[in-house]
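For the sequence shown, position 68 matches number 68 in the working numbering, and the numbering has no gaps at all.
Hints were generated in silico from the structure; no laboratory data involved.
Keep in mind the model is a prediction, meaning the values are calculated, not measured.
Please note that the accuracy of each hint is not assured.
Listed next, with one range per pair, are the computed distances between beta-carbon atoms [said to hold, decoys possible]:
1. E62 x D35: 32 to 42 angstroms
2. E62 x H39: 29 to 39 angstroms
3. R66 x P37: 28 to 38 angstroms
4. Q92 x S65: 14 to 24 angstroms
Built from N, CA and C at the ideal position, the CB exists for glycine as well.
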Amino acid sequence: EELFASRSLTAMLGRQSARARVAGFLRQMAEAASDSPCHPAHAFELPLSRAEMAGLLGLTIETVSRQISALERAGAIRRRGLRGIELVDAAQLG
Numbered sequence: 001e002e003l004f005a006s007r008s009l010t011a012m013l014g015r016q017s018a019r020a021r022v023a024g025f026l027r028q029m030a031e032a033a034s035d036s037p038c039h040p041a042h043a044f045e046l047p048l049s050r051a052e053m054a055g056l057l058g059l060t061i062e063t064v065s066r067q068i069s070a071l072e073r074a075g076a077i078r079r080r081g082l083r084g085i086e087l088v089d090a091a092q093l094g
């Protein structure tokens, strides 16, 4: 399972846009936070800071922040506090 997750992350970093990387990361975090293997969690806390996310995704902190804001404006997510994320339209995350 960890190997599959690692391969998935490697694929995500290699050939996707910044928005797709951030959206994919949020989707994976929602799936990891879920009690159900079939559905992502509706709301969750990000386990990483934006700087850590940026390093993991191969992006800058500013790009991560802009992409999270863009996903919020698009109605895909809603931020709750410093690290809280609520999925509004999970389909937009890919």
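Does the Cβ distance between E62 and H39 fall inside 29 to 39 angstroms?
32 angstroms Cβ-Cβ, so the 29 to 39 angstroms window holds.
Tell me if the beta carbons of E62 and D35 are separated by a distance inside 32 to 42 angstroms.
Between E62 and D35, where Cβ atoms are some 34 angstroms apart, the hint holds.
Within 28 to 38 angstroms: is that where the Cβ-Cβ distance between R66 and P37 falls?
This hint holds: roughly 32 angstroms between Cβ atoms.
Go ahead and decide if the range 14 to 24 angstroms is satisfied by the Cβ distance of Q92 to S65.
Since Q92 and S65 have Cβ atoms about 18 angstroms apart, the given range 14 to 24 angstroms holds.
In terms of the numbered hints stated before, the structure departs from none.
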